[in-house]
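Construct all of the structure, not just a fragment, from the sequences and the given hints.
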Amino acid sequence: MLRTEAHSAGLHGFVAAGLRLVRTTAFRLALLYLAMFVLSVGLILGVVYRTTAGFLEQEIGETIALEVAGLQDHYRNYGLPGLVDVVRTRSAVANNNSIYLLTTAAGVILAGNLSGWPAAVPNASGWTHFKVADYGGVNDRPSTAQAVTFTLPGQFRLLVGRDMSEIDQLRTRMFRSLGWILGATALLGLGGGLLMSRGAMRRIEAINRTTRQIMSGDLTDRVPRFGGGDEMDRLAGNLNAMLDRIERLMTGMKQVTDSVAHDLRTPLTRLRSRIELALLHETEDPEVYRSVLQDTIVEADRLLATFTALLSIAEAESGAKRQDFVPVDLAEVVELAADLYEPVADERGQRLSVDIRGKPVVHGNGQLLAQVVSNLLDNAIKYTPDGGNITLVLDGPAPGRAACIEVADSGPGIPPDMRDKVLQRFVRLDTARASPGNGLGLSLVDAVATLHGAKLELSDNEPGLKVSLLFPPEARR
Amino acid sequence: MLMKILVIEDDRQAASYLAKGLKEAGHVVDVANDGKEGLFLAGAEHYDVMIVDRMLPGRDGLSLVQVLRAAGNDTPVLFLSALGSVDDRVKGLKAGGDDYLTKPFAFSELLARIEVLVRRRGAAQPQTRLSVGDLELDLLSRSVRRAGKAIDLLPREFSLLEYLMRNAGSVVTRTMMLENVWDYHFDPQTNVIDVHIARLRQKIDKDFPTPLIHTVRGAGYSLRAAEA
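Chains as they are written, first to last, in the working numbering: chain A, 1 to 477; chain B, 478 to 705.
Calculated directly from the structure, the hints in this document are not laboratory data. A few of these clues could be false.
[Said to hold, decoys possible] Here are the simulated SDA-like pairs of lysine to any residue, each with C-alpha atoms no more than 25 Å apart in a straight line:
#: 1; chain 1: B; residue 1: 568; chain 2: A; residue 2: 322
#: 2; chain 1: B; residue 1: 580; chain 2: A; residue 2: 80
#: 3; chain 1: A; residue 1: 466; chain 2: B; residue 2: 667
#: 4; chain 1: A; residue 1: 455; chain 2: B; residue 2: 666
#: 5; chain 1: B; residue 1: 580; chain 2: B; residue 2: 702
#: 6; chain 1: B; residue 1: 497; chain 2: A; residue 2: 288
Bear in mind that the values here come from a model prediction, so they are computed numbers and not experimental data.
If you want it as structure tokens, here you go:
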């Protein structure tokens, strides 16, 4: 009883394992591969068979036809005795595959090496197939023959044929070897298929392992690459690139959370202390409370502006807005921003010169692009000393770009080692601490540039800062 | 200007703040806490303006306004929403809203906007000439005169003055000017509008005894003729 159960469990396990095997892509691929392999080998063998055995049969048929024509000629020229002579002579040749029989209408044998007229009925094309043994053929063993029969004038019947035993033998041997070849092919195909698909599957399994590792929380793991640059490698490369991006986003997110915690907590603390102090400071004067409340609103507005900026950056970084992209006339965007900021620069005695050299149209979000240009102008005006120069240039397509927006100022500039850093959220240069701002302006510019596939370049304007926004040709679409 | 206002807002605390603020500004306020009640009140009473939260339980603000508009109700609607993107705004306006304000907002901003909405509704048909006191603006010849004296304005100054004159007597906030004159739906960090207004004042008010452009503390600006 126990034994049976164990046995059935074992069987069950085996069946389950078998089912699992059948369900694997490797097995299915191998099976498909095998089927294709066997089919093509079978096709090739079929062609080989037809061209050898078939060719021989055809050859024999043609020889018989020629012989028949010769005999008929002979009969016409020399009459029955001549024909009988020839048939006798030819029948007498030993080890000959030829079969002859000449009879009268009544069936009396006049000449030939066949013991009697075969019972077989000729087929549509006049060929008769029969077993030779019954009629005492040329060889001792039974073999088949193929012959053509016809009636001569005077009701004499003539049969000319060939013993087919050699061809039959060849055919049997051929069939047998073809069978072996097919069998070996099937085995090789199955083995090869399994091996090949197992190879591919092992790599997929490696990807699966990495995925599980990442799901368990380790974002640093990467899919191994095998080299060779095939589609598997490309898949691995793409997955790794995706993971890099996710990791970068996660790091960015962590950094943002940290910054938000720090940079929003400070003003919130300030806000709270101000209100608390006002309450502690007991006074009957409503003006005191009033001024505290007004300051509180200003502080709250600043906080809200920071939040709005953070959200805009996050939204731009998420890339979700890309779906709503429309053609944007950059000249219009630049003109409008210049128009808005020109009086501000003018008030500080700065010269804002605008140079629009083309009318490039890019695929994008008009509001965000407007915000980018106004942020850049705002920065330039803020950090350029009174009486300085600011230039805003819009250039059209050039090799490698669809458009370029450039804002340059004659301010203090940004040291090369700080240029990457200022793009981070809340990062402000010590020289900028005195002026108002939340350290998010360039972060937003950077995020919007990335959203549009554009490149943001900070360079030295000698003196001052030059910010260039290069739109790639693809951005036009 | 006294207005009868319907507030449709599901957050009871926010609704009561709104109602309190609006009443203090001298308006009459009804509050509906969901879309169904809002739809009922909007159909039963006449209001000068409706303040509708975009996201309401049951029926959201967008479809509520769509239903009202389909029924022929053309009461001005201002949407309030925590969704601040330009696309959300466009959706709100497409659904039949007249203005869109993102939470959180300054109360002065809300007051200025609803007043402009109501006045605009009452305004006469398209005008070619606007005039406030002795200031005249001709939209066809794009010329401006004050007390008969021609004033030269840059195109953008002209648009800004036109916007102020169309809303003469009302408070116009900086955000409203940015939205309507520059089509900027974000907040530039610097108070650029103040600089533009200062320039406009130089041309409109400087050489005249009575100023027309007035600063409204904590809110924005207002263009109005001296009180008679």
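Is the straight-line distance between the alpha-carbon of residue 455(A) and that of residue 666(B) 25 Å or less?
Distance ~23 Å between residue 455(A) and residue 666(B) Cα, so the pair holds.
For the pair supplied as a hint, residue 580(B) and residue 702(B), confirm whether the alpha-carbon distance does not exceed 25 Å.
33 Å, violated
For a C-alpha distance cap of 25 Å, please report whether residue 568(B) and residue 322(A) respect it.
Since the Cα atoms of residue 568(B) and residue 322(A) sit roughly 17 Å apart, the hinted pair holds (cutoff 25 Å).
For a C-alpha distance cap of 25 Å, please report whether residue 497(B) and residue 288(A) respect it.
24 Å, holds
Does the structure keep residue 466(A) and residue 667(B) at a Cα separation of 25 Å or less?
OK: residue 466(A) and residue 667(B) at ~20 Å, within 25 Å.
Is it true that the CA of residue 580(B) sits at most 25 Å from the CA of residue 80(A)?
124 Å, violated
Going through the hint list in order, the structure does not satisfy hints 2, 5.
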